[in-house]
Amino acid sequence: MRSLRVLRGYLFTVLGIAIGVAGLVALGAMSERIVRFIEGGDRFVLGQISVAGRGMGMGTGFTAGGILPAATIRAISEVPGVQGVQAQIMLPLDPSTSQFMTVTQELVLGMDLSVPTPNRHYRTLPVRSGRFLRQGDHKVAVVGASFAASRGLSVGSHLMLEDEGYEVVGVLDRMLTAPDRFVMVSIDDARAQWVAKDRLLRTVLASGGMALTASDLNTGAAVGWRDGDDPDAVALRIKERVPGVNVQLPSELSRLLRSSTAFFSALLIGIGALAFVIGGLSLANTMAAAVFERIRDFGVKRALGATDLQLGREVLAESLAVTMVGGLGGIGLARALGWFIDRYLAQAQQLFHFSPRLLVGALAFSILLGAAAAIYATARVVSLSPAEAIRRGA
Amino acid sequence: MLRAAGLVKSYRAPAGTPIRVLAGVDLTVKGGEIAVVTGPSGSGKSTLLNVLGLLEDGDGGEIWFEDTRVSALGRAAKSRARGRYVGFLFQSFLLLPSLTALENVLLAARYVHRSGPATRRRAIGLMQEVGVADRMDHFPAQLSGGEQQRVAFCRAVLNDPPLLLADEPTGNLDDANGAVILDALRGRARAGAAVVVVSHRPEAAVGASALYRLRGGVLESP
Ligand SMILES: Nc1ncnc2c1ncn2[C@@H]1O[C@H](COP(=O)(O)OP(=O)(O)OP(=O)(O)O)[C@@H](O)[C@H]1O
Ligand SMILES: [Mg+2]
Numbered sequence: 001m002r003s004l005r006v007l008r009g010y011l012f013t014v015l016g017i018a019i020g021v022a023g024l025v026a027l028g029a030m031s032e033r034i035v036r037f038i039e040g041g042d043r044f045v046l047g048q049i050s051v052a053g054r055g056m057g058m059g060t061g062f063t064a065g066g067i068l069p070a071a072t073i074r075a076i077s078e079v080p081g082v083q084g085v086q087a088q089i090m091l092p093l094d095p096s097t098s099q100f101m102t103v104t105q106e107l108v109l110g111m112d113l114s115v116p117t118p119n120r121h122y123r124t125l126p127v128r129s130g131r132f133l134r135q136g137d138h139k140v141a142v143v144g145a146s147f148a149a150s151r152g153l154s155v156g157s158h159l160m161l162e163d164e165g166y167e168v169v170g171v172l173d174r175m176l177t178a179p180d181r182f183v184m185v186s187i188d189d190a191r192a193q194w195v196a197k198d199r200l201l202r203t204v205l206a207s208g209g210m211a212l213t214a215s216d217l218n219t220g221a222a223v224g225w226r227d228g229d230d231p232d233a234v235a236l237r238i239k240e241r242v243p244g245v246n247v248q249l250p251s252e253l254s255r256l257l258r259s260s261t262a263f264f265s266a267l268l269i270g271i272g273a274l275a276f277v278i279g280g281l282s283l284a285n286t287m288a289a290a291v292f293e294r295i296r297d298f299g300v301k302r303a304l305g306a307t308d309l310q311l312g313r314e315v316l317a318e319s320l321a322v323t324m325v326g327g328l329g330g331i332g333l334a335r336a337l338g339w340f341i342d343r344y345l346a347q348a349q350q351l352f353h354f355s356p357r358l359l360v361g362a363l364a365f366s367i368l369l370g371a372a373a374a375i376y377a378t379a380r381v382v383s384l385s386p387a388e389a390i391r392r393g394a
Numbered sequence: 001m002l003r004a005a006g007l008v009k010s011y012r013a014p015a016g017t018p019i020r021v022l023a024g025v026d027l028t029v030k031g032g033e034i035a036v037v038t039g040p041s042g043s044g045k046s047t048l049l050n051v052l053g054l055l056e057d058g059d060g061g062e063i064w065f066e067d068t069r070v071s072a073l074g075r076a077a078k079s080r081a082r083g084r085y086v087g088f089l090f091q092s093f094l095l096l097p098s099l100t101a102l103e104n105v106l107l108a109a110r111y112v113h114r115s116g117p118a119t120r121r122r123a124i125g126l127m128q129e130v131g132v133a134d135r136m137d138h139f140p141a142q143l144s145g146g147e148q149q150r151v152a153f154c155r156a157v158l159n160d161p162p163l164l165l166a167d168e169p170t171g172n173l174d175d176a177n178g179a180v181i182l183d184a185l186r187g188r189a190r191a192g193a194a195v196v197v198v199s200h201r202p203e204a205a206v207g208a209s210a211l212y213r214l215r216g217g218v219l220e221s222p
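First to last, the sequence lines map onto chains S and Y.
Under our numbering, the letters of the first sequence match residues 1 to 394, in that order.
Under our numbering, the letters of the second sequence match residues 1 to 222, in that order.
Keep in mind that the hints were calculated from the coordinates and are not lab data.
Be a bit skeptical, because a hint or two may be false.
Quick partial rundown of chain S residues pointing at chain Y, CB under 7 Å, derived from the structure [as the list claims (entries may be wrong)]:
no., residue
1, D297
2, V300
3, A303
4, L304
5, G305
6, A306
7, T307
8, Q310
9, S385
10, A387
Beta carbons: idealized from backbone N, C-alpha and C, even for Gly.
Using the sequences and the hints given, assemble the complete structure.
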């Protein structure tokens, strides 16, 4: 009851702190979101050796481009150190999207489900509802969380891919990394889509000039290694022994990913630092102003016999309550803002990630800074004589 | 109860030249006595009360509360001495705006660790005596000047301090309210407190044990 009134006396202080903390948390949540994305990508590329077909001249890398024929996949699986090769097809859903940061694209991922996923860090993908794909699935799809949200899909929904209907049998948890925007299907379904999508491929198949069968239609493979083997060494061995492939060393791919995201990382550190400085300054300033505003009250309390210690304790308790309420309010405000933006403005892309470490960190930072500012201001105020404090506050 | 000897206090003018406000003030007020100090504006009356009540340090001289030379105490001990010995009344009341009338009165007990149901009863009893008990849940902004000063009086006497220092306690009040406060101060003196009142009102001198005039930085008996 009394503490409620104390807070009412500090209403503007609480509001000021809430707004400062909200800014800090919102910026922090955006940076956490991107950090999670980069980390997720890094974990992915470090968990497998990625092999792509070389050749057809339509671009290289993850997405549609080269072909990795069945014979090549067999050859890879015979390289010493290799354990588990999963043929895959990656098709950009909308080929016109730029290649910049391909991992953020919407992709159809066809997986050979007769082989367990070789990626050490993503043996299985977390399913939120329904189930994951299994061998023998036909015309069914598992979709990533963002993909599902952007199209209003849930288990049982139907989805058209290259003019064929698919039933959604599973929706993944939000992973805050690439698979959020994936549609996963069996590799046979993906092959059919590829052929339907790619006129050049149809021409080649029709001419019979390359003697391709369906099992040759793979854009790449995820390759695992035996426990104890060095993935980079295994990747190099594949490169040496199997012609016609693009092999990425996991460590090199990770480095590449990091350097291509280095700009974002730096930007985020900058934004984060700025958020802390601006949010922190505004919080400290608000708190100190709240104390200076009560300079006359301090004089009166000292006239009534309050010692510096008693006043310090009082101010500390009040600043704690004020920054706690303001901090929690700010976190609530930031979350509401983030929810609103993600829901209505971000086209189902999650832009904010309110990680526990961010929230706890922001609250602890606010409380400590608020207490420090309050104590500093109190020390300044009690350095005046009570008579002077009363005169100045008049 | 109160003994001051050779109090000296100077302020520095903005230009840097010292302004001598107190130039050796001697004053003794026993329990049960009321000393009334008058003097022209700017003569240093408020300064004297502030120094006597340890709200401001003098540049020289000694102050004794009973057998304690309080002018020589450290910061924290001075604070405790204020809480234990002195009750203040100010011209501008100085109630805390965020607290109710009753809470303002009880604030006096907080720093001397006397809060409790008995103190609360005593506070309400004091407020009844001066006729503001029915206003105890009001905030200062909801009270008239006379009511505020009565609340401030209850706060000043809650701990039953042996010394009361009142700086123009009726300066912002009408005659009727001023009389209530002066009466209440006389009542405290009868109950054994030493009281120092700074006032321009001739009525303040009624019942005074001693009348002083502050001039040239020293107290004169007119
Ligand atoms: N903090 C200060 N700094 C400089 N000079 C001061 C300060 N406080 C008071 N003075 C000066 O000391 C003198 C005495 O001031 P004081 O307030 O004690 O007078 P007073 O007798 O209470 O006057 P009044 O009757 O108007 O209240 C004045 O000349 C005033 O200008
Ligand atoms: Mg004065």
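Practice problem: Identify every previously stated hint that the structure contradicts and give their numbers, smallest first. | Solution: none
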